[in-house]
Amino acid sequence: MGSDADASRPSPPIGAPSATNTVLELDDVSVSLGGRTVLEDVSFSLEAGEFCGLIGSNGAGKTTLLRLVLGLVTPARGTVRTPLGGRGPKIGYVPQKISLEPDMPLRARDLVALGLDGHRLGPGRRGPAQRAAVDEMLEAVGAARFAEARVGNLSGGEQQRVMIAHALISRPRLLLLDEPLANLDIRAGQEVVRLLAHIAAEQHIGILLSAHDMNPLLPVMDRILYLAAGRAVSGSTDEVVSTETLSRLYGQRVEVIRTHGRVIVVAGTDAADPTHDF
Amino acid sequence: MPSPSAAVTASLAPVFEPGFFSSGPVHVALAVGGIVAIVSAAVGVFTVIRGQSFAGHSLADIGTAGGSAAVWAGVSTIFGLVAFNVVAAGVMELIGIRRPRGRDLATGIVLGASLGLAALFLYEDTISSSTTGATVTVLFGSIFTLAPGTTTIVAVLGAVSIALLALLYRPLLLSSLSYDLAAARGIPVRLVGGGFLLALALAVSLSAVTIGAILSTALLIGPAAVAERLTRRPARAIAVAAAVGIGSVWIGTLIAYDSTVWLGGESLPVSFCIVGLVFVAYLASGLIARALPERRLERRPGARDALALPEVD
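Just so you know, the sequences run in chain order A and B.
Here the first sequence stands for residues 4 to 281, numbered as in this note's numbering.
Here the second sequence stands for residues 72 to 384, numbered as in this note's numbering.
Hints may be right or wrong, so weigh each one.
Said to hold, decoys possible - Sample of chain A residues lacking proximity to chain B, with all beta carbon distances greater than 10 Å (derived):
| id | residue |
| --- | --- |
| 1 | Ser46 |
| 2 | Asp106 |
| 3 | His122 |
| 4 | Ala132 |
| 5 | Ala135 |
| 6 | Leu171 |
| 7 | Ser245 |
| 8 | Val266 |
| 9 | Val268 |
What the hints assert, rightly or not - Simulated pairs of lysine to any residue, SDA-like, Cα-Cα distance not exceeding 25 Å:
| id | chain 1 | residue 1 | chain 2 | residue 2 |
| --- | --- | --- | --- | --- |
| 10 | A | Lys93 | A | Pro78 |
| 11 | A | Lys93 | A | Gly81 |
| 12 | A | Lys100 | B | Phe125 |
| 13 | A | Lys100 | B | Gly266 |
| 14 | A | Lys100 | B | Gly105 |
| 15 | A | Lys93 | B | Phe125 |
FYI, nobody ran anything at the bench for these hints, they're computed from the structure.
The beta-carbon is built from N, C-alpha and C at its ideal position, and this holds for glycine as well.
Okay, chain B solo, but in the shape it has when bound:
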C-alpha cells in the first residue's frame, strides 16, 4: 500500500513535472523571482500612488542599455542594470523639477539618450559571435540561467530598496499628495523624492534580471494596479501586490518549466508566462472589485452631516 505522501506526490505529478523541485536552476529562479516580486510590489504601489509609472517604465527601458553594456563589457548583466538605472535616476532627479510635467520631460530626455546607448551596445553584442544571445537575455530575461551567486546580490539590493521605502514611508505618502504641504511640514521633499527614485531604480534592475528589461514594468505596475483595486490602505496594498507578484512569478515559472514536457521539447518563455499571469490577475481584479461590497459600504449610513453647525445667514 503506498504511503499518503506518495499518493499526494502522484496526484500532483501532472502539475509538477519531474525534476521541478530538484532542479538547481529552478531553485534559483524561485528564490530570485520571489524576492524580485516582493520588492517590485512594494515599490510599485508607491510608483502608482505618486503617478510615476512613466519613470518606472523609462528606467526599465534604460536598463536595456545597462544590461547590453554589461554583456559587451563581459560582466554580469545585473551590474550594468543597477549602474545605469541608479545613474539615470540621479540625472532625472537633477534635471527634473517639482511639477509633474517637468518630471516627465526630464524622464523623457534621459530615456531618449539611454535608448541610443542601448542601440549601440545591442548592435555591438549582436555582431560579436560570443554574445549573440545577449539581446534576448537582456530584453526578455534569463530566470533559468541565473548564476547561483545572483541570489545573494538580488537579496542584498532588494533589502536596500525595501529599507529605503520603509524609512521614507510616511514623508513619501505626504509629499505624493502635495509638494507644498510636505515642504511646509519641514520634509526635504527633493531628498525624499530622490530616495524613492533610487529604490525604484533598484527594483526595476532586479525585475529586469528576472523577466527582462523591457518587461520589468509589468511586475512593477501590474501587481500594484491589482492591489489598488482591491484594497483601500497603503500597507494592505503592498501586501496584496506582493502576493500577486509572487503568485505570478512562481506559477509562471512552473508553467514555463512544465511546458517543456507538454510541448515535447519546445517551451514557453518564462517571461511570457509571468507577464501573462499578471495581466490575467489584473482582469480578474476588475471583476472581483465589482463584486466586493466594500465600495458601497464605504460610507456609514446616517444623517447627511453629523455635525450640527449654527446657520450664519
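For reference, chain A alone in the conformation it holds in the complex:
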C-alpha cells in the first residue's frame, strides 16, 4: 500500500479538502501490469460520507484501481494514501466474484461474522457481544430475515447485502465495491444503491463503487471517477459527464445524450473532430 509517512508526498492540489476527512487520496498514480499501462496519472480523492461512482467499460481499469487501493497492486508511479487511522481493517471490500456453492455449509450470519474475525487464527469462539454485532449489522442491511439461510442459496441481491454487512462490520471508513450491480435485476440493483447511499450518509463512510452503467447511480452519486483507456477524470456528475470532458478523456469524439433523466454516452458521428488537445 502507498506510504503514508513520507515527506516527499506532493502537496495536495489546490482546493482539495482538508486531510482530516479524506479517506482516500491518489496522486498521479500509474499502474503497469505485464508491461501494459493499465492506469495512467490518476489523481483522485474521496471524503468520508461521499458516494462516488467508478465508471468505465470493461477493461477500463476499474478492478485494478480498487485492487490498488486495497494494496493488492503496487503503483509504478505516484502514491496511494488511505489516511484512515486506527487499527484493524479500515477498508471494507465487496469483491465482484465470490465462489459460493448452493450447498456450502455457511449461513449468512457466519459470513458476516467472518468480517469481524476472519483474519484471526484458530476456530474462535464468538461471545454475546460478537453475536449482537452480527445481528445489528444484518438488521442494518435488511438481511436479518435470511440470516440463518445458506449464503449459497440466496439471490444475487440478498448475497450483496450479506457481503456489504461482511464488509461493514469491522467499521471501516472506506467501502469499496466491485461491480455490485452486475448480476442484479433492476429492482434489486436499486435497493442495493439506496442501501449504500443510506449507509454512506448515516455512518459517514466514503463509498467507491464500480459500475459500467452510471444510470442506476445518478440519483445518489456525489462524485464520479470516470475511467477510459487507463486515464481518469473526476468531479461532480455534471462536470464529468459532458460531451467535451468525455471526448477529451476518450481521445475521440463522443456524445453525451441526456434523456428522461438518463445519460447515454455514444461514439460521436464526426470522426474528424480535432479534440486531441490534451
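Chain B: place on chain A using the hints.
Relative to the frame of chain A, chain B by itself:
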C-alpha cells in the same frame, strides 16, 4: 439363571461374531479406522467448501506411487504415502496459481507424473516374488494386517493434520470465498492454501492406509458430502461428517469380519464394506435432507424487506 450381561451378549451374538472384541487386529483396525475417519471428515469438509475435490482425489492416486515405492524399498507403506503426498502437495502449490483452472492444471500435471511412477513401482513389486501381494494392499488397503505400531504413527500424523486445520480455520474459510477479499484483510492466502494442502496430504495418506490409496477419496469426500446436505454450519458439518465416517468404518469393519463366518471361510473386502456404507449414507442423506424442514424454515416470515429506506427517485 443367566446374568443380564450374558443375556445381552447372547442376543448380540449374531451381530458380533465370536472373537470380534478380543481380536488384536480388530482393535488396531477400529482404533486406526476411527482416527482416520475423524481426520478425513474434518479435512473433507474444507476440501468440499474449497472446491478441491480434484486435488484430494489426485493425492489419493499419487499415494499409489508412494505406497508401492515403500513396498519396493521395504519400508512401511505409510512412510511412502506421507512422503509422496506431502511432496506432491508442495509441488502442486508451487506450480499452481490462484485461479481454480491453474490449480487444476497443476494438480493434473503432478498426478500424471505420479501415476507413471506408480506404474513403475507396482510393476517392480509384482515381478518380485516377495512382494506380489503389495498391489492389492496398496490399492485397496490393509486394515486387518496393520502393525500395532501403526496406531501411534496414525494418531500423531492425524493430530498434526487436525491442528493445522484448527489453526487455519477462519482464514481458510475466508480465502475459500474470495482470494482478493482474504488478501485485502492481510491474510497470506498462499501460505494458508499451502497449509491446507499439507493437512489434505496427511489426511489422504492416513485414509490410504486404511481403505487403500485409490479408495481414500471416498472417506474424504463422502462423509463431507453427506454433512453438507444435512447442516448449514461449518463446525456442525465437521461433526456430522466425522460421525458418518466413524460409523462407516466401524460398521464396515464389523461386516467384513462377520462375513468370514457368514460366507463360510470367504470374506468381503473391508474397503468394499466401508465405501459401500459411505455411499448408502450419501443416498440416505438425500432423502433425509428432503424430509428436513430446515430448508423451508431458512427464511423468517414477515415483510419482504425489514429495512425501510427512503425512495431516491
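Do the hints match the structure? See the list:
1. Ser46: About 23 Å separates A:Ser46 from the closest Cβ of chain B, which puts it past 10 Å; holds.
2. Asp106: For A:Asp106, whose nearest Cβ neighbour in chain B is about 5 Å away, the distance does not exceed 10 Å, so it is violated.
3. His122: It is violated; A:His122 is separated from chain B by about 4 Å at its closest Cβ, not greater than 10 Å.
4. Ala132: holds (17 Å)
5. Ala135: Fine: 17 Å to the nearest Cβ keeps A:Ala135 off the interface.
6. Leu171: holds (13 Å)
7. Ser245: holds (22 Å)
8. Val266: holds (14 Å)
9. Val268: Holds, since 20 Å exceeds 10 Å.
10. A:Lys93 <-> A:Pro78: holds (20 Å)
11. A:Lys93 <-> A:Gly81: holds (22 Å)
12. A:Lys100 <-> B:Phe125: holds (22 Å)
13. A:Lys100 <-> B:Gly266: Given that 25 Å is the threshold and the Cα spacing comes to 24 Å, the pair holds.
14. A:Lys100 <-> B:Gly105: violated (39 Å)
15. A:Lys93 <-> B:Phe125: violated (37 Å)
In summary, the numbered hints that this structure violates are 2, 3, 14, 15.
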